[in-house]
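Undergrad: Generate coordinates for the entire structure from the input sequences, incorporating the hints supplied.
Take a look at the letters that make up each chain.
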Amino acid sequence: MSDRDHDHDHVRTVKPMVDEITDFEVLEIALRELCIEKGLFTAEQHRVMTEYGEQIGPTPAARLVAKAWVDPEFKKLVLTDALAASKEVGVDWLAPTGFGTPSDFYAFKVLENTPNVHHVIVCALCSCYPRPILGNSPEWYRTPNYRRRIVRWPRPVLAEFGLQLPEDVEVRVADSNQKHRYMVMPMRPEGTEGWTEDQLVEIITRDSLIGVALPKPGVTTNVITASVPAIRPIVK
Amino acid sequence: MSGDPVSAAEQPNVEAISVEVLEEIAERNQSWPIMAAKYGVENPLPPWKTSLDGLCDALDRSCATDDPLNFTFKERRDEEDALSATRYANLPYPENQLVALAHSLVARGVIDETELQERLAAIRARLVAE
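Protein sequences appear in the order of chains A and B. Each step along the first sequence adds one to the number in the numbering used here, with nothing skipped, and position 124 is 124. Each step along the second sequence adds one to the number in the numbering used here, with nothing skipped, and position 60 is 1060.
No lab work stands behind these hints, which were simulated from the structure alone. This list has only true hints and no planted wrong ones.
Dumping the calculated EDC-like pairs for lysine to aspartate or glutamate here, alpha-carbon to alpha-carbon at most 20 Å:
#, chain 1, residue 1, chain 2, residue 2
1, A, 216, B, 1081
2, A, 75, A, 198
3, A, 109, A, 175
4, A, 87, B, 1042
5, A, 216, A, 198
6, A, 67, A, 81
7, A, 75, A, 190
8, A, 109, A, 88
9, A, 38, B, 1115
10, A, 109, A, 81
11, A, 76, A, 88
12, A, 87, A, 71
13, A, 75, A, 193
14, B, 1038, A, 20
15, A, 179, A, 81
16, A, 67, A, 112
17, A, 216, A, 197
18, A, 216, B, 1078
19, A, 216, A, 160
20, A, 38, B, 1113
21, A, 75, A, 112
22, A, 76, A, 197
23, A, 38, B, 1118
24, A, 38, B, 1112
25, B, 1038, A, 19
26, A, 38, B, 1053
27, A, 216, A, 190
TA: Right, dumping it as C-alpha cells:
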C-alpha cells in the first residue's frame, strides 16, 4: 500500500478527537492515583472494574425502551416496526457495526410486557440473540441448561435468576430462530415517575431486556452487588 | 478548603464546605459537550467516563470491606447525588459526578486539597510533556 493510500484510509476511517487536555481528564487521573497511593484500591482492581463497566454499559436497546416509556408515539413504532425504531437509537440492522452477523438481520420484534404477561427470550436451537442492539449474549444464554429448561419450566428457571412472578402473570417464552430476533420491553417500574430518559436508561439492564429480571429504581447496569469473599479463594 | 473542620469520627456537612480548586474547575467548565462541539467529536461521553466508573466501583468495594474511608457505599453514592444536584448542578453528567466525588474525598479528609492541587499540576505537566 502506498503512503497515499494509507493517508486516504485514515481520512475515511479516523474520527476527530478532542485534541486538548481538559481539567476533568486530569482530575480523574489525580483522584485515581491518590486513592491508589492511599491504599484504597489497587491499579489492577481499578482496571478490572473499568473493563467490567465497559462491557455492561447501557446498550442501544436500553435507550430504545427508555424512549418508548416516555414517548407513546415512539412506543407504537417500537411495537410495530422495531427495525425502524432501532434506527432512531443509532442501530441500523442492515448496516450494523461491532456486533452481529448477517444472520442477525432478518426480523426483529419487541415483546411488550403487561401486568398479566411476562416475556422471556431464548434460542432453544442455538444462541440467536438480538446482538446489533443488545451486544453479545451472556454466557448462560448459550448454555443447554438455559436453552432446554426455560422453554419447559420457565417459572422455576426464572426463579433461579431471582425472578418470582405471581401466578396470575402468564409467562411467554419467545424462541428465536435464524430469521427472527426478539427482545423484551419490560414495564416501567413504580418509583420512576418524572424521571428523564437518561435516568431510565440506567435501570434498563441487559437481563431485564432478556426477561430474566425486572428493572428497579436503584439497580443499574453499573451496580456492583455486595459479595462474600470465597471461602477457598483461588491462589495464583 | 473553608468551612467547619472535618473530624473523621463524625459526618461532616460536605455540601457546606467549599473546595476552591474544584470551584475553579467547575467555573472553567471544560465539559465534554463543549469540548466535543469545539473539535467536531460525536462521542456522547468523555473518554475518561469508564475509568471514573471503575474508580467509583473500586471505591465502593473499599467502603464495603475494611472501611478505610469511614463512610459507607450508600453514604458516598448519596453524597455524590446530592452534590451533583446542588453545588455542581451547573456541570453536565458525568463531569458533575467526577467533581462531586472529588469534593467528597476532600471534604472528608481522605485527600488533602493542597495535595490534590499539586497532583493536578504534576499530571497536567506529565500529559503535555514532549
